[in-house]
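Chains as they are written, first to last, in numbering that gives the first Met the number 0: chain Z, 0 to 255; chain X, 0 to 238.
Any given hint could turn out to be false.
As the list claims (entries may be wrong) - With beta-carbon atoms standing in for the labels, derived distance ranges:
| id | chain 1 | residue 1 | chain 2 | residue 2 | range |
| --- | --- | --- | --- | --- | --- |
| 1 | Z | K22 | X | T204 | 42 to 48 angstroms |
| 2 | Z | T43 | X | I203 | 42 to 48 angstroms |
| 3 | X | N207 | Z | E76 | 57 to 63 angstroms |
| 4 | X | E61 | Z | V75 | 22 to 28 angstroms |
| 5 | X | N179 | Z | R162 | 52 to 58 angstroms |
| 6 | X | L215 | Z | I10 | 49 to 55 angstroms |
| 7 | X | N182 | Z | K27 | 30 to 36 angstroms |
Please keep in mind that the hints were generated in silico from the structure rather than gathered at the bench.
We put the beta carbon where it would ideally sit given N, CA and C, even for glycine.
The lines below spell out each chain.
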Amino acid sequence: MERIKMEKFSIIQYYGHGIPYLKNLESKGKLIILEGPDSSGRSTQISLLNNYLEANGHAVLNTGLRRSELISEGIVEAKERHLLRKRTMSLFYAADFADQLENKIIPALKAGYIVLADRYIYTLMARDAVRKINRTWSHNLYGFAIKPDLIFYLDVDPNELIRRAFQKTTEELLRGIFDKDNFLDYYESGEDIGFSDDLLESFISYQMKMKHEFYRLQKKYGIIKINGNQNIEQVQNELRNKIDKFLKIPFDSSTK
Amino acid sequence: MRQIKNRSGNIITNTKNIKKDKYEIKGKLIIVEGIDGSGKSTQIHLLDKWLRFNNKPAFLSEWNSSEIVKNITSRGKKKEQLTPTTFSLLHATDFADRYERNIFPLLRAGYTVLADRYIYTAYARDIVRGCNPLWIKKLYSFALKPDITFYFRVPVDIAAGRILSGRPKLKYYEAGMDLNLSNDIYESYRIFQSRIIEQYEKMITSENFTVIDGTLNIEKQQELVREKFKSVISFDGEN
């Protein structure tokens, strides 16, 4: 069982001011992030990775945005009622993240888990920036976030996202555009993202802006870009390759 | 008054107003700060009544009162599972919601906006709870600075006495029980609130607080509050 060894301890590193009352924490685990827009295949890739890592003997914890038991419901409700302004939304998601970070992610890392995050602070910072919130402000806000070991971004052409979305029914498409995390919705009113009557036009324009923001973030945070236009297996293999290399596990298992 | 030169060398007399003019802020922002039991809520309530009685458009915003956040905060408090960072961010969300939907638009519309606790409550509490002071200050950097900040100064014992006369016991978070200062809730309260007072006292000069002696009787305090108000904001109406 040599393969499951992750003997190294490391001290958890923060991006900014950190959490002063949680200094010098030892992590035995790894934090791996997968970022990417909706319909990029993110969730599918995460669940395949989860199975793969567990099959290799690693304990895995799944996490993602808006999953704090205490806070997530409140965000959903406020969004449904179209009550959230941009700064409030930003801070609400930050609170949700903080709760998960301290109550789930940090304890799991200390215990030696691989924490797989379905999106992290980069999506939140990109959303803020697209909404014209000062980038320095967002960067400071997430100064309490810990630096991951690996960050992947599924880069998908917006037209490909549309094509994938069209494979669903029209109804699902509408829901996909309005109810999920794309924010092409009521409270944005298109002030800053050129909202128009044409849903697809809005969708593409928003996705292009997010993509752009991710390119900016990529350099600053060392995000690894993965070509998300490939099929599921190709993407998964690429992810496994990179993770294996990082964990120093020989790559010997093929995509299921 | 502070004098600063802009890039072209012209003298700008008040930096606070530069930011305000950019957004065409016509209203005034008056806030009260102090520990629980300092009497600040009573005083801001009376100021609100006075303005309304004189037909001045006024709006009172209270700390931790956002419709979309307050239930979550109170649930988290009940479960006693809020870490300082989450606690801080929930209050910031609550503040941002009130700020974006009420305080800021109403200031632009020319209202006198009154706030029962403002960013200084967050500065004081979150710093005492162990958050990084710079982080907190930058977090709230989007908020306009008040035109008047009344700070109600009272000794801890008087504040505690006032709180306990209204209800039987102290609450977990107001006593700072999450900080493990003492197993005894009264002792913990005393230490925690004293530290908050310390933080407030440090801000008096830098944040331009108007200190009101919270041990004076209610009428006298209100008189001082209105006097200060009239010295800063033009007011034509009866007393």
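Hint-by-hint comparison with the structure:
1. Under the hint 42 to 48 angstroms, the C-beta atoms of K22(Z) and T204(X), about 31 angstroms apart, miss the expected range.
2. Look at T43(Z) against I203(X): about 57 angstroms separates their beta carbons, and that is not inside 42 to 48 angstroms.
3. At roughly 39 angstroms, the beta carbons of N207(X) and E76(Z) sit outside the given window of 57 to 63 angstroms.
4. Distance hint check: the CB atoms of E61(X) and V75(Z) are about 25 angstroms apart, consistent with the given range 22 to 28 angstroms.
5. As the Cβ distance of N179(X) to R162(Z) is approximately 56 angstroms, the hint placing it in 52 to 58 angstroms holds.
6. Between L215(X) and I10(Z) the beta carbons are some 53 angstroms apart, a value that agrees with the proposed interval 49 to 55 angstroms.
7. Checked against the hint of 30 to 36 angstroms, the C-beta distance between N182(X) and K27(Z) comes to roughly 32 angstroms, which is consistent with it.
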